[in-house]
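With the hints as extra help, turn the sequences into a complete structure.
Line by line, the protein sequences are chains A and B.
Residue numbers for the first sequence follow this note's numbering, so the first one is 1 and each next one is one higher.
Residue numbers for the second sequence follow this note's numbering, so the first one is 1 and each next one is one higher.
Each computed DSS-like pair below joins lysine-lysine, with the alpha-carbon atoms no more than 30 Å apart: (1) A/K247 <-> B/K434; (2) B/K434 <-> B/K93; (3) B/K93 <-> A/K247; (4) B/K419 <-> B/K202; (5) B/K419 <-> B/K434.
These are calculated hints, taken from the structure and not from any lab test.
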Amino acid sequence: MADAVLSTSSRPATQIQSPPKKRKGPRDGAGMLFVLPGVLGLLLFSAGPLAAAFYLSFTSYDILNAPQWIGFDNYTRAFTSDDQFWPSIRRTFLYVLMEVPIGIVLSLLLAVLLNQNLKGTRLFRTLFFLPSITPAVAAIFFWIWMFNPYFGPINYGLGEIGIWGPDWLQSTDWALPSLAIIGVWASAGGTRMVIFLAGLQGIPQDLYDAASIDGAGPWQRFINITVPLLSPTIFFVTVLSIINALKVFTAVYIGTDGGPAYATWVFGFHLFKQAFQFFQMGYASALGWIFFVVILAFTLIQFRLQSKWVHYEGAD
Amino acid sequence: MTQTPSVSRRTLLKSAAAAAAVAVADAGDTLAAPSRQPVNPTLAQETKLTINGRTGSNQEQFEALIALYRESHPDVSIEGQYFSGANQEYFQKLAVLFAGGTEADIVFLTSIEGYYDYAARGQLLNLDDLIARDAVDLSEWFAAAIEMDKVDGSTYALPLWAHPSIVGLYYNQDLLDAAGIGTPDDTWTLDTLLDNAEALTKRQGRAVEQFGLSPAHEYFNGLTQLVDSYGGDALSEDGTTLTLDSEESRAAVQWLADAFQGRSVSPLPGQQDRAQLMSSQKIALYAGGYWERWSARTAWEFNWGVVPMPVGPAGTNGPTLQTDMLPISAHSDQQDAAWEFHKFLSSKEAGLKMYELNAIPSARADVWSDPILTADETHAIWAPLMDAAGPLRYPANLRLREFEINVNQELSNIWLGNKDVDQGIADTISSTQKILDQPRG
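Okay, structure coming up:
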């Protein structure tokens, strides 16, 4: 019963009592009016386009002429005859596998470091945060130069220590990992690190003190106190990071244009090309809805699995 | 106390849902580009035209042409609406403008970006009647340019300008001198070019300090011309089959594979800006287009020159015409005024002005052969190439972008050494045929 509350009176604790029914008054109307712009905005600019895209996904629509109803053809095409559909999904998940775990571990390490109250913490916090507020276009051009196989500083540095660097963005094997490196660089010290830092600062110092008295070293304290108590934060960050990584687009659009040889042709880029370069908005809409279902399923799986490793304080 | 009007939650949600439902229900009808209602001509005092173009040098050129036009047509005002970004961004913006019915009266398009898409979808004004009405003499333009601008036999634009694609060989004279290699001339063949590129490539261990050659390898800009110079065709005459598996086409692909892999005299294709490498003297020989003359003049701090690309076994270097144009929107409410301006943009006067403004000088033979232009030796080498250039061959179903992107991506496997030439060509043909088999885009 959603609106029932446990009584706090002297009645037996098991007795459930409904709250007194609130009388409707004129102030309700005012509240509704205040909410109206937000609700309308949501319906018109989010729910509306979502529904429109759902409708368009069943049409052949070139954005210039009226859509033609074609039933499930777009969905059939995606699963059976689009050469880049499955490969782009595979590349997208590969990118997630490379970017998310490394990014989360790095963010956590940076947060733990910054939580030590060492000298210069504020300076480092700023430095770590800097990449996340650097405009993406500028950052990607910077990395294109860094990754230049012939004249870039990374391969030059590797050459100085006798290592022959890869062709990075110009290699089918290395282009996607290169983008993941850019992704990790851009996100490790950003919001994710700040969330971890907030989570770390919420862990009572008493627990660490007690563990120290019992003889626990730094690693044991980290594994047995920090990680379990931070697990809700880690879960939250993981869910968001995976969703963000699945949407990888900007680095591909600017840095590789999906190449070389389709090596970085990820799902978001595939969808974009269909919609805005190939004049196939109906098909792109179908791709969008398929991807929505994929992300939703992936997120639900994570929620299902959280009971196995996420520790909520106060919960049994 | 003022009483606030009461709005029930149910009423609120009903209203909001109704608004969304109307938006969605209308989607089917309104998603087609809306047509604009003509304004009442009696109210118009001054004819107002709008033009869409790219920011940067195009903007400067168009503004100068507008100013020139207004000297003889003071009653016409023309507002330029320019959008930043490289080609791709501009054309995406244009698609959105067309979709919303907010494109300008005249829009900048190119033969490989958008022209056929919009013409075939009825978004551009068919000029056949206007050309006949005004007895426009189409022989004033290069025949191939006029031919290329036809879609299903109809003309949707007079060519603004045209060029013979990337068939120029720019060279760094200082690097050639340092290597003891003479200036490229008509004794060079494609084999000579690779030999000299090898001599010009400098390595330090496995690292490359200087590349001998940067060839053009993309389908419309590089590959098509190279295949032609070997006597082959990249695409069948009817535009339905990729014909890279002919002996001649294969030889052309092999030549590029040698440049990138076999002899490793060229930087790998990718996002690396090869023009920038040329500018910073990391490349000695550079396949480039007509337009490269301006960046060479302004940014190259070394002695340079340009000659036509060496001819291949077929005795040609495969010049292929590409045109850019400023067609009139089919939704324009000022079509007569736009047509007059459109004709001016393709006139000799505008062509000469464009040359002065560092643009490609028109698609008219009388401009290309004008003594003012031919006196410039970096222009003069291009004039015979224009005369020899045939129309660009494109897919019959007009899916140019999908087609080109797929061919370029697939062939990258050869340039990167992932696949040998035969396998790479076979895979490219196989995946591209699926695009060519689709209905008209």
